[in-house]
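Generate coordinates for the entire structure from the input sequences, incorporating the hints supplied.
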Amino acid sequence: MSSSRIIVGGPDDEERFLRQLKEADPRQYLFQLEMFPKLYPGHSPKTLRVFASDFEKFGKLGFPITQAMDLGEVKHYSYSELEEITPINNRQSSDFITRTIPGRLLHGRIKMDSSSLEDVLVKTWDFDCNGGGDSFIYHLPRFHDELILLRDPDIKSHPNVVKLIGYHCEKSLAVIYKGKRPTHLLKEILKSDYFVWEDRMRVAIAIGSALKMFHDKGFLYGGYFSWSTMLDENFYPTIYGFQAYNWNKMFYRGFIGQGPMSPPWSLKDDVFAYGILLLELVSKGRCIGGAMFMPELWWNNKPPNSIVDEYFSVNQSVASKITELVFSCLDVISDEQPSTGAAVAALQNFASIPAMKKQKLCE
1 MSSSRIIVGG PDDEERFLRQ LKEADPRQYL FQLEMFPKLY PGHSPKTLRV
51 FASDFEKFGK LGFPITQAMD LGEVKHYSYS ELEEITPINN RQSSDFITRT
101 IPGRLLHGRI KMDSSSLEDV LVKTWDFDCN GGGDSFIYHL PRFHDELILL
151 RDPDIKSHPN VVKLIGYHCE KSLAVIYKGK RPTHLLKEIL KSDYFVWEDR
201 MRVAIAIGSA LKMFHDKGFL YGGYFSWSTM LDENFYPTIY GFQAYNWNKM
251 FYRGFIGQGP MSPPWSLKDD VFAYGILLLE LVSKGRCIGG AMFMPELWWN
301 NKPPNSIVDE YFSVNQSVAS KITELVFSCL DVISDEQPST GAAVAALQNF
351 ASIPAMKKQK LCE
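The numbers in the UniProt record's numbering rise by one with no breaks, and the one at position 57 of the sequence shown is 57.
None of these hints come from the bench; they were simulated from the model. Some hints could be false.
Stated by the list, open to error - Below, simulated DSSO-like cross-link-like pairs (lysine-lysine); rule was C-alpha separation at most 27 Å, straight line:
1) K111 x K212
2) K187 x K156
3) K156 x K111
4) K187 x K321
5) K156 x K22
6) K180 x K212
7) K217 x K178
8) K284 x K191
9) K217 x K22
10) K191 x K180
11) K163 x K212
12) K111 x K187
13) K156 x K191
14) K187 x K268
15) K156 x K217
Structure representation (C-alpha cells):
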C-alpha cells in the first residue's frame, strides 16, 4: 500500500514537523462536524449551539496537520488508507480488540500486493470515547512521544516492545504496529488457572527487562502494565501502551498518599508500576482503583509473609522473597526501593524455582 507523505530533505524537517505536531491545538481534532453525533448522542438544541460555538472557534481552522511526512521507515498513511487497513469508525467491528487509555486497539490488514495481506495492529487516540474531562489535551504530546520512543534503535529492536511501522495524524491520531491479533490480553487472564506460574514469571522478567532498557536509554515507561500488555498463544508478552503519566498518577497517588498536585512521573513511579504488575501476577488479582488497589488486602488474605496465591503451591521461601520484592518496589517514599535492574535480577534469582505441584496446561 502506498502512503500519503512528503519526501523531505533531512532531520531538520523531521524535527520541525514533530514540534508542530506536539504543539498543535487538540481542539481542532475534537471540534469537527463529523464528531458532533459522537460527542453529543441524542443531542438537544442547546448542545448543538454549544458545539456550533466551539466549531466556530476551532473547527473552521481545519485540522492542525495538513501535510504529514514519513519518519524514516515509519510511513504516514492517509485517512482513506487507514480506513482500508481497519474500519476505524465502526465501533462494532469484529476487528476491535480492546479499549486503551487513549482510545482503542484494533486488528487490521495492510495489502502488500494484489494477492497478499499482512496482519497489523492499529492503536487510536480517540477524542470521543476516552476517560472524560480534559484527557484529550494529552493526546498530541503522548502521540508525539510515542513516535519518538518507538523509533529509538534499541527500543524498536527489543523483542517485547511493539514494532511501529506507520501512523496517521492529518484527520485523527493513530499508530500502526506490525503483528497479529493477540491471543490474550494480560488484564483478562490474571485470574486464569491456565496462566501458570512459570509463564507468569517469564512475563514478569520479560517486561522488567524492557523497562530496564527504557531507563537505561533515559526514557520513562509511564504505563500500567496489565492494561497495556498482549500475549501470544505461548504467553509471550508484548507491551503496547506508553507514557500515560497523567492517567496513571490519578490511580497511583491514592496509594502513596499524594494529592492532586503530586510530583511529575519519575523512575520511582515506573518501579512502583512494576511492583503492581508483580503483585497482580503472583496474587491472581487485578489492582485498579479504590480499596482493591491496596496491597494490604492481598497481605491479609494470604499466609504470613506471602501475597502469592495458594493455587501456585510455591515454595514458602520463594513466596516470601517475592512478597518482599513486591513491597520494596511499591515503596516510593524511602530510599529502599530497588532500581529496575536490581528488581529484575532479584526476580531471576528465585523465579526459576518451579511450583511444587503440576499445574493445568489445557482444558
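Structure-based check of all given hints:
| no. | hint | in the structure |
| --- | --- | --- |
| 1 | K111 x K212 | 36 Å, violated |
| 2 | K187 x K156 | 24 Å, holds |
| 3 | K156 x K111 | 23 Å, holds |
| 4 | K187 x K321 | 24 Å, holds |
| 5 | K156 x K22 | 21 Å, holds |
| 6 | K180 x K212 | 26 Å, holds |
| 7 | K217 x K178 | 23 Å, holds |
| 8 | K284 x K191 | 5 Å, holds |
| 9 | K217 x K22 | 21 Å, holds |
| 10 | K191 x K180 | 24 Å, holds |
| 11 | K163 x K212 | 18 Å, holds |
| 12 | K111 x K187 | 31 Å, violated |
| 13 | K156 x K191 | 31 Å, violated |
| 14 | K187 x K268 | 23 Å, holds |
| 15 | K156 x K217 | 12 Å, holds |
Checked against the numbered hints given earlier, this structure breaks hints 1, 12, 13; the rest are met.
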